[in-house]
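Based on these hints, arrange chain F on the given structure of chain C.
Here's the letter readout for the chains.
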Amino acid sequence: MKYSYIKPRAKSAITSEIKLLVSFFSMTLVMLFLTYGFLLYKDYTFMSDKAAYAQERDNLATVIEQMKEEISYIEKQNLLSQKIYTQNTVLKDSITNLFDLVPQRITLSEAKLMKNGLILYGITPNKEVYSFMLQAPLRSIFHKTYSSFYPAENGWLHFVSTNYIDEEDNLLDMEDEDEN
Amino acid sequence: MKINISRQHIYLLSISIFLLIFVLVFSFAVLIPKGKQYREDRVELKKELRELRKYQDFHAQTEEKLQELESKNRHIITAFDAIFNPDRFEKQHRSYFSSLKLSQIKGIGLEENFVVYEVNTSSQISSPKSFYNFLDAVNKSDWIIGVNFPIDFKRDGELIRSSFTMKVYCNNKDKNTTQLKETKPEEK
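Those protein sequences? They're chains C and F, same order as listed.
Per this note's numbering, the first sequence starts with residue 1, numbered consecutively.
Per this note's numbering, the second sequence starts with residue 1, numbered consecutively.
Simulated from the structure, these hints should not be mistaken for laboratory data.
Keep in mind that a hint or two might mislead.
Claimed, not checked - Some chain C residues near chain F, calculated using beta-carbon distances under 8 Å:
1) S12
2) T15
3) K19
4) L34
5) Y36
6) D49
7) E56
8) L60
9) K68
10) Y85
11) Q87
12) E110
The beta-carbon is built from N, C-alpha and C at its ideal position, and this holds for glycine as well.
The shape of chain C in the complex, shown without the other chains:
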């Protein structure tokens, strides 16, 4: 005796509802894990990028430091060389001025230029020519001027002129000029 018109089918635990649920949750879980994986990967790349940036920055800092040292050394070299070149030029001007200072009637036989002084040896027709034409300008330049004479064979006078700049007075003069 039959109670149903359809044939009986085998019952399964995995019903269509379960399948739907599992597929829904598996998609959700896959998405979640993928996101987590992505975050982990990014975390790793961030860390490695950060380390690389820090390394590069350290390298750059070292190179910059070296270049700064080189720059300061070149600037130092430049400063010193300019100072020396200026000293040479000033020396040249000083010697030019010295020889321009000596009048035609006085003949120099020797000139000793020192850091703070000048000694001139020469011959002059008489003391007056020396006093007016050489000693006067020398006095205006140097703080201390000493002259000595002795007769030459031709009736002229040999002279030795020793001139010094007082370093302390010179410094005071420079300070006064700065104040003005």
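The following block gives chain F in isolation, referenced to the frame of chain C:
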């Protein structure tokens, strides 16, 4: 009142609740904090990158400045590197003098961290103008040379006998100081 729920539905509900709890726990306990950390890391990385760019810009600027300085001061740099060669100096500057003689090359120590050695010079010139020209030429020579006091000019017939001291400046490097020691006893 009796609730009639089939076993099938109970299974379905339990799986749903379990999975839902798992998703929620995973999201709130792991994913959201990780996401926050990701955002923070991204901001920090951008900051690092900005810092790096600053360094790169500064590096480029410094390099440009250094190259400019080097090209502008090429002569000075090579002059400080050069070891003083008395023969070469004589050859280069003989034209300003009737005779030129260098003697007593000796190291006198350090000045502003540069090695300095002193060269005594005796020469004969036909006129002071030759000496002025020499002073101009010294500033363009292969070495950094300062003509120093005392300077002595003495009439010698038609010529002027001159003697003066020169200070030669060099880089303070082991290479130079060694060679300086080697030059020290030399007399020209």
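Exercise. Please write out, lowest number first, the hints stated earlier that are contradicted by the structure.
Key: 1, 3 and 4
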